[in-house]
Amino acid sequence: MNEDDRLLVRIACVGGAGDTIMSLSAQSTPVINIDKLTKEDGFPKKKSWISSKTPTIFHYITLIILGALTWGYLWYTWGDSWGVKGQWFRLAIVAIIAWVSGLILQETTTLPPALAALLTGILARHLGFVDMRAFPHVDTFLRRIYPVIILGKGSLAWDVSFMKQNWKQILALGALPWSTEVVLVAVCTHFLLDLPWIWGFLLGSIYASVSCPVVMPPVLKHGKNAGGKVNWPQFICTAGGIDTALSVGTFGLIFSYMFYETHEGYRLVKAILALPVGVALGVAFGSLAKYVPNSKDTYVTELRVLFVLAGGLFGNVFTASIGWGGTGGVAVLACNATAATHWSKKGWKLNQNPAATVYRVLWSACEPALFAYTGTFFVVHSSISDTMLIGLGILLICLTVRLTVASLACWNLTLKQKIFVCCAWTPKTIVEAVLCPTAISAVLMSGGHESPDLVYAEELMRLIVQAILVTTPIGFLLTNNLGPMLLNNNQSDCENNTFTPRKSSASPENSRL
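Quick note: the sequence shown uses our numbering, first residue 8, plus one each step.
Computed cross-link-like contacts, SDA-like style, restricted to lysine to any residue with a CA-CA straight-line distance of at most 25 Å:
hint, residue 1, residue 2
1, K228, L369
2, K92, S108
3, K356, V299
4, K297, L320
5, K228, T364
6, K175, L406
7, K228, R367
8, K236, W174
9, K423, I249
10, K60, A372
11, K423, P220
12, K231, N419
Computed spacing ranges between beta-carbons, pair by pair:
hint, residue 1, residue 2, range
13, Y80, S55, 34 to 44 Å
14, L415, L313, 38 to 48 Å
15, L415, A278, 24 to 34 Å
16, V368, I64, 14 to 24 Å
Treat the hints as calculated values from the structure; they're not laboratory data.
Quantities reported herein were computed from a predicted structural model and do not represent experimental measurements.
From the three backbone atoms N, C-alpha and C, an ideal C-beta is built for every residue, glycine too.
Go ahead and model the full structure; you've got the sequences and the hints to work with.
Below you can see the structure in the form of structure tokens.
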């Protein structure tokens, strides 16, 4: 066999082997019948509705049992006041109905449950079921707890390093729209509703507060899909925190000036030092949380939560009792933000730690009661139509100017992003609900049932409730529905790139409020 013949033989052998391999490959390919797939084949079966809802059903069954046991204990311990016709039972049942109605509203429409709770309180008042005016001391006590929970919950998510690096933008967005609206509210109410200047500024300090927790769920959802360098959850919640601190501090300052008699010189000292003292106390106590309790303590988790919670409650009550209203709320913000920063260096992620979980659970319990009890202060009668109509005009004027200033304060953002910020800066909800009835309770406890101050406090209450009912659903729906369109683009988020990249420890996943 010559060389050419041997080459032909080798080619034939290789070709035969290739045919064999191709044949084997073709034979080994399985034929999958999609109709016969089972979980064992690697494709899990779709769960039934009952299976998917079983944990939720048992969750609510557990809550019902716990609620019934608690009520039974209170009834047998304190007697008829906790019976079915008792006054305390009525307070509790209104809060429970507010909670249930809020869940239903949220599940059916995605709107914030606070709206249903507020309407529940208004309805309970007009059916004669509950009126918190009959319990001014109870209401005042509760309204010293609410701020500690909501302010502490929000500030646990703050990334202090992000705030330091972007302080100009955060301070501008937090302070400029707020300051403008406070002055505008005071001017409008003075000339249109004849409110005294002091009452106008008291109203403005509440009215101008933005409610970031209402829009944070859509901000978190859409912020994850937004390109660029803007850390949207941190930007919104920290700028909103500045706004909230100004509202709480200024309201407390004006409220103390109006309802606590003291020397004029001392009032001036409080006016100058209230906010700085609150920040200093909060930072000092939050820094102490770095060392107390020790990170190796067996009960470090429980003690850390109790440390900041008890400190916030005591600080808020103590400062209010000595006439330094507002200082305690600012201290809570500074304390929890400082403590969370130190804890993050020891392994606790910002807003994803046991302390944040406890605050979220506490707020879930407090929120329906807060809005329901606030609603019971709102009295509907024929003579309020003029006030509400003028109030709607004031709301439109103030909101327009506020959002214009907010867009100007975001000088480094694109037009779409400025619109998104304006959507998030629309709701007036939580701080308004916490603070608006305090003036009524203070006047009633001082015996001023026929005082002109009660009339002014009623006007303040009506205007704020109107603002809550109008701006909360609008702001939430705009942020939720326009968010994908406004943030989902390939352009640079920041024209001058002044924002820090999204590698902050408070990324969207770690910034949940």
